[in-house]
Amino acid sequence: MAGPAGLVCPAGPAAQAEIVVTFFIRRTIGAALMLLVVSIATFLIFFGLPRLAGATPETFAARYLGRTADEHTQQLFAEKLGFYDPLWLQYWNWIKAIFVGTDYDYGTGIEHCAAPCFGYSFRTNHAVWDDLLDRLPVTVSLTVGASILWLVTGVAVGVLSALRKGSFFDRAAMTGALAGVSLPPYFTGLMFLYFFSYQFDLTAPGGTYVDFTDNPGEWAYSLILPWITLAMLNAAAYARFTRAGMLDTMGEDFIRTARAKGLHERVVVTKHGLRAALTPIITIFGLDVGLLLGGAILTESTFGLKGLGYLAIDAINKQDFPQIMGVTMFAAFFVVVANLIVDMLYAVVDPRVRLS
Amino acid sequence: MNNVISPRQDPTARPFLELRDLKIHFPTDDGLVKSVDGLSFSLERGKTLGIVGESGSGKSVSSLGILGIYHRRNANVSGEIWLDGQELVGASPETVRGLRGKRMAMIFQDPLSAMHPYYTIGDQIIEAYRVHHKVSKKVARKHAIDLLARVGIPQPDKRVDDYPHQFSGGMRQRAMIAMALSCDPELLIADEPTTALDVTVQAQILDLMRDLQQEFNSALIIITHDLGVTAELADDVLVMYGGKCIEYGAATEIFDNPEHPYTWGLLGSMPRLDQPVTERLLPIKGTPPSLINVPSGCSFHPRCAFDGRTGGASDTVVPELELTGTSGHRVRCHMPAHVRQQIWHNEIKPTLEGTGGHSVASMSELPSASDEQSEEVA
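Residue numbers (this note's numbering), protein chains in the order written: chain A, 1 to 356; chain B, 357 to 734.
Heads up, some of the hints might be wrong.
[Unchecked claim] Below are the DSS-like pairs computed for lysine-lysine, each with C-alpha atoms no more than 27 Å apart in a straight line:
#, chain 1, residue 1, chain 2, residue 2
1, B, 514, A, 271
2, A, 271, B, 493
3, B, 390, B, 379
Note that these hints are calculated values from the structure, not bench results.
Just chain B, with the same shape it has in the complex (with noise of 0.2 Å):
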């Protein structure tokens, strides 16, 4: 668990982001909250970590633990974050405030409630500007129009004077996009960047930041539960389930050979064009765990449908995030490799691609928000 662990690793350098260990628990008054319980990952520039999982399953609390938005009163913080050779979980608050917004920013799931709605958004893109630049508010302006510009806001003189209120969704998230690279950030973290948006303006905004991550070189990490936008823009996967890592690997390796009963439940929930109507959406039985009391053993195995197959260790010990394959594939499971690898070829595979004929979950064939491509709404 302490080992670095990354399918890309190029063993002489450190990579451009690294979590080793991260956990970030909450004391409360009903008992310990392990939101993030052992996370370790690490990213290069210029490419994309897709982070899966339910609602509290720890995705949105680890992102922000990286820019260390969180209470040092309310929070047990331990690991380490590594952001271009500088530790971030024990440097000063202040320190890492310089960085944030500056190297590293976020995008905001639903933008109408993440803007303040009493500031224009030139207003908000120029504070995020001014923060880490002294200039003045003039050439803060032209830069603020000239990011809407190029997030593709038409008429972005006039709409920089507009309220949050005053736009659309998608261009609101446009706009969000744009105060977060206000800085040229090196890391960006979107959480559930296209949930709040209806399909067609998902797509556009897909398309946006895997163009602006190309121009930018940045390192992406998309938080989502929705699969099709992992398979869209991923390089890398992380599947998270009651605040570990369950999964992770190559984004190839986790759609075409998942190893995780949880990995192939969420394929199985996740609806597919490539089907017919009539099938049956496979939902994973159950609901996520309790982050306070977390099932022992494998925090999964009440909602698994294998934990039979392991002898009953899945209910005492706490499986490892173990390497599989060659390509830096892990997983977290008690069965061993080889049976996994044959219930998902035997069981799991024929049932998720029904009376199709080849490798239904290749990635080339998932649903892809930009084959439904649109015109831009300008």
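Next up, chain A with everything else stripped away, as it sits in the complex (with noise of 0.2 Å):
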């Protein structure tokens, strides 16, 4: 440790810089791998397990046609579809669609499918990528504004919590938690939506939504109550995680040394505890923002918001299976991004995080 200060003399500000930007080239390829991966599991489980279970280039194409079509018109759409090429090459054309965009056959006449083509929908006929792109207002929205309303709440009540532990407030708010982690939000929901809305007609009913483009009052009016209840969800977990942290850090050798500096209590709470505090909260924070982006499943079901997480529902329970990876992939893509922003911000706030 002790060696000649030359030694552990840190790198120049250029070289640090350079250091910097590969790490974030590095990250951003592993990222960009890690999708692949996803994709190619996806592919498997749409494509190749079925055909373990039995299934043929018939029966995906019967899919497309309904039970109706006769044997020679599925041969005939199995061949169009490519159904009959190798796995490989089947996958291939599937990542190639979604980069460039590809043409189908169905006799006629061809159809383009521009870039992001993750296909048409089996029922609606629809560009899957068309759907993904409408639902995705709803599901941001509710994301944003939840993931706001939790992040500051939770980490205040928290905060106060370890400040005053043993206290009521501390009790009552740890309390408060428990069950808020603990009651599912098609429970939670459900009673906002039947006092707020359609006892005390306080907010807007179920199955509400209008674009934050065309208002933003009646924006935020038909997303509180999801906005409230999905917070709830996460607030409850995020003063639990501020509180242990704040516990953990303010009993930190540092927190001593900022309070023998003479610094007021307020700055050795913000400054001092709560950034060290903060860290690994931020990086729950993105991983859950990402988890989110690709859909709030039971929020989205029980305020009846069309976003992604209900399509994906819906995709699931129509067998749907273009919607369904596309879904997927779409999520994918937000965590394996957040995974990413998170990795980033985490060595800009962390100056001991190690680049190289």
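With the hints as a guide, bring the two chains together.
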């Protein structure tokens, strides 16, 4: 440890910037590889595994055609949709369609499916990508509002609980948190709807969604109950994380040092305590937001919000494979990107993270 | 016990720092923890007091108590702490906070955990300076660089932007000292300042602290369980056991004529460079007392080899910290002074000296870290 200073001296700013850039590039490549693995797994689940269970190119084609089609039509479609191709080629075509688009030949003329092409829904014949984009604003609205709500309340309650450990507030808050974690959104959501919407007419009824660009006020009004419902679930967990983190941090030696400097207690708690306690919280927060962007299934279903989670449930119920695969890849993308951002953020926030 | 005790007291003036019967008790579910139980001492500017004792003897709690770092809700603090004519126990927390870091500062053990991992060394020193001085960040930064240079950090203008984990252990301790010195404190408390460091670095840090103390003429309290460090730096020594002072006096007195059996034990359990390596160390039997159920009578009696020579008093009566000799040396022991001196000279000292001829326990021959003086690693 006590070597000559030159050996422990860090690299200069220019070299450091280079390290940061390499780090970011490496993590981005890692994220791309992760998405590749997810895509292979997804493809195998929907096109590889059924074969082991006895599915044939004809039965795949039948999914598009319905039960009424005869064997000849099925074979014709299986041929046109490439179900006779080897599995790797089918995968390649699927991926290629996502990046450069593809042409479908249904015999009635060639139909072009533009660049991020996840195919067409079995049921509605809509392009899956258009459906995804259509549902995205709902899910983003829900996630952003709820996440801000739960982060702020969860952290605030957690900090106050930690500072007043053992007080009435602490015990009440932690009991409340336990309830918040335990109650499922389809219970709290329905209770909220019943009381605030149907009994007192304070909020929008279920199934309402107004786009932000149409009317921001109405947008918030239509989403306030889903936000609270979803936030409650996570706020409770975050309050507990924060409380535990703060209790740990406030017992650290560097907090004692901060006090010994004569800093105001407020500065000790926020600048020294909270800063250290928040770092792991931010990590979890990033991942949670990424996860929710793939669709908050329970909350969306409870409030009849037609977001990605709703789409996923719908697609699963109807065995709409292209849609399921599309939602899966979409959700995986958000999780991987959130992971990437969290990694990079962590390197910025915690100087001890070694980048090389 | 209520008398002001100081071996070097000037009777006309109040000492710079004075503790009178300081008690810090923590009520817990298991009972009252008496971490510090009636501690009194005084210290002048430019002088060094070594507080010695095992873990859990109340050393660190007393120093944090002087700085006022305790929860008013959890701790019962009584007694008086006078710093340059100002009483601190009864003062408002805000008043004490204003003094903390400014007039009295602390150097902590293990600077890796004692410094915030997310802020640069410079930021942490700047923060310590700016909380007590209304200056711009630029001025404070200049001050921080000067301080780092003063404590012997090479290239301080570059290292000021490093994070604590980028420093070596010795460098971190220097930075910690720089931080404590940022407001020119008149009272400096060093809590085990060298425990986490290897021996050669220890020597450098001790030298540095001695130099700085001379330069700033501050009062210095060194808290340690390392008698070598105490011998190196201290003018006075205070031995703590179970939250109480059990022996107090000038360092030469404590090392040459210790009178408390516990102090004898501390001296016997210290590795010595002037002894043949085959000699076994003489550890103190038993473990430090619980501060909740402090043993009745003399809290050291369960571990004391001379328990039987007090006529049973040590089991029931708490001994007083009484003067012995002429130079302000005080000892908390039931045995009469002449018996203690006899035991020291006839039974203890010869064992510590082994076959050695002359006064081995004299200060000059205690293992001194600076004997292994090595050039500054820079």
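query: Is residue 514 (chain B) close enough to residue 271 (chain A), meaning Cα to Cα at most 27 Å?
result: Holds, because 24 Å separates the two Cα atoms, which is no more than 27 Å.
Given hint residue 493 (chain B) paired with residue 271 (chain A) - CA-CA distance at most 27 Å: Holds, at about 17 Å.
field: Hinted pair residue 390 (chain B) and residue 379 (chain B), Cα distance within 27 Å
entry: holds (8 Å)
Checked against the numbered hints given earlier, the structure satisfies every one of them.
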